[in-house]
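S.K.: The lines below spell out each chain.
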Amino acid sequence: MPIPSLCGATAAMLKVVGAILVLCAGALIGLHMSHQYASRPRQIRQLIQALQRLETEISYGATPLAEAFHSIARQAAGPVAVLLGAAAEELQSESADTRGALERSAERCWGRTALRPAEREIWLHLGSILGVSDRDDQIRHLRLAMSQLKSEEDAAQEDQRRYASMWRSLGLLGGALVAILLY
Amino acid sequence: MLEPILNALPPMIRELIASLPQQVLDDLEEIRVREKRPLEVMYRGVYRYVSVDGGLTEDVLSAYLPTREDCRILLDMLTNHSVYTLEEELKRGYITVRGGHRVGLCGKAILEDGSVRQLRDINSFNIRIAREVIGAAAELLPRLVEPGSFRISNTLIISPPQQGKTTLIRDLARLISTGGWNREGPPAPAYKVGIVDERSEIAGAIKGVPSFSVGPRTDVLDGCPKAEGMMMMIRGMSPDVVIVDEIGRPEDAVAIQEALRCGIRVIATAHGRHFEDIRNRPMMRGLIRHAVFSRYVVLGRTYGIGRVYRIYDESGKLADSLIVRGDGRDA
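Those protein sequences? They're chains A and B, same order as listed.
Take 1 as the starting number for the first sequence in the working numbering and just add one per residue.
Take 1 as the starting number for the second sequence in the working numbering and just add one per residue.
Only chain A is shown next, with the shape it has when bound in the complex:
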């Protein structure tokens, strides 16, 4: 709808500003997506490292699970540390079983990570096997989870190589396209 009270020059100005905003939004969406692609393999790697430390805590230290999670959370960084810390907290609260604790930690913190449903499945599966058997068995299960994560990491790296730069340019170009169409 035309805005009758504005003169031509002001209208043109607004149009340019709008176009720049659309362009920026497109570029930001692209950057965010590409960042997600770049973060996912890194976070999977951090999760694998955390599980490696958990294996040590269980096999050599025989540390109770809640304490073990606290200590691996302290050594991790970023969103993965938040996830591990949340799990430790849930494990320490009374009347929470391991599976429930890991489920709730995922509900609380999964959104902050760049991790996908495949990793979430592995995480939730850990909830039903951690702490329910002897050390040898725990180590076998942890190794299995780590190898599953490793293959996810490989896939994630492949995705990153393919899509990360694509999303960066796609965002900017998409923004430009929308701006031109609206102009």
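Rather than coming from a laboratory, the hints here were simulated on the basis of the structure.
Just so we're clear, the structure is a prediction, and the values are computed from it rather than from any experiment.
Yeah, the Cβ is synthetic: ideal placement off N, Cα and C, and Gly gets one too.
Pair by pair, the computed Cβ-Cβ distance ranges are: (1) Ser115(B) to Arg120(A): 40 to 50 Å; (2) Thr67(B) to Ser147(A): 26 to 36 Å; (3) Thr56(A) to Val308(B): 51 to 61 Å; (4) Gln52(A) to Arg120(B): 21 to 31 Å.
Fit chain B to the known structure of chain A by using the hints.
M.R.: Relative to the frame of chain A, chain B by itself:
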């Protein structure tokens, strides 16, 4: 006191147990959870099933049947999410949880070289509620000292299971280690007490620290075989009194005699219904012949009336008996 146990129960069972009448909860002695078999409780020596609507019943058909999920959560909670930290305990078939309660476990045993390496598929739990009854031994202790002095007599306490003998020796340890338990005359001295707690029942130690009050001058050797533990106590801790639960093996007798040679007084318990049960056991016969113990106390309790102690002297003659009125639980 029930709080840590209630928190460890899976939601459904927790609700059922918590809804039992308060008198039952006060006297609860055991909760037995068996996968797909009726949930059972024991209080005041009575066994009852717990029905699906939270009442007590003798009818198997109306009882709540714990599910596989219930058992999974229960084991998870009892072991603090960490079965792998309790491998040694699982081999022995029981664990001690917060509050000093003991939980017996059954499942499938995994063998290695003919001995149990692991217990898995755990599906039966016997949660034994440990009760600390402060003062349980107050009436008995004055009869266990040598006349005219405060020296503790070597005492053997004889009782069938679930008659509160562990509660009794726990309180004996507390009183002897605290001192000043006598009502008249100069206060009794506080002795150094060593408890060899092979099954973590007397002190209910978690990570080596007693859950129950066992007295200020008491050392607890937790989870250690009795005979070896007594020798360790004698060598390292110089106790005045050593307390052990459930003696029965020949090496226990050797360790007790070794303790006596060092001038240490011993209070021990043994399974048995009557004094005669004990007299007929080869290992005990030797101890009795050598007059190792100067007091034998036979425990009995009658619900609703009280607790009866029969005290025999070193030759096996009934010397004294003591009736403590009460509901039979808190002596």
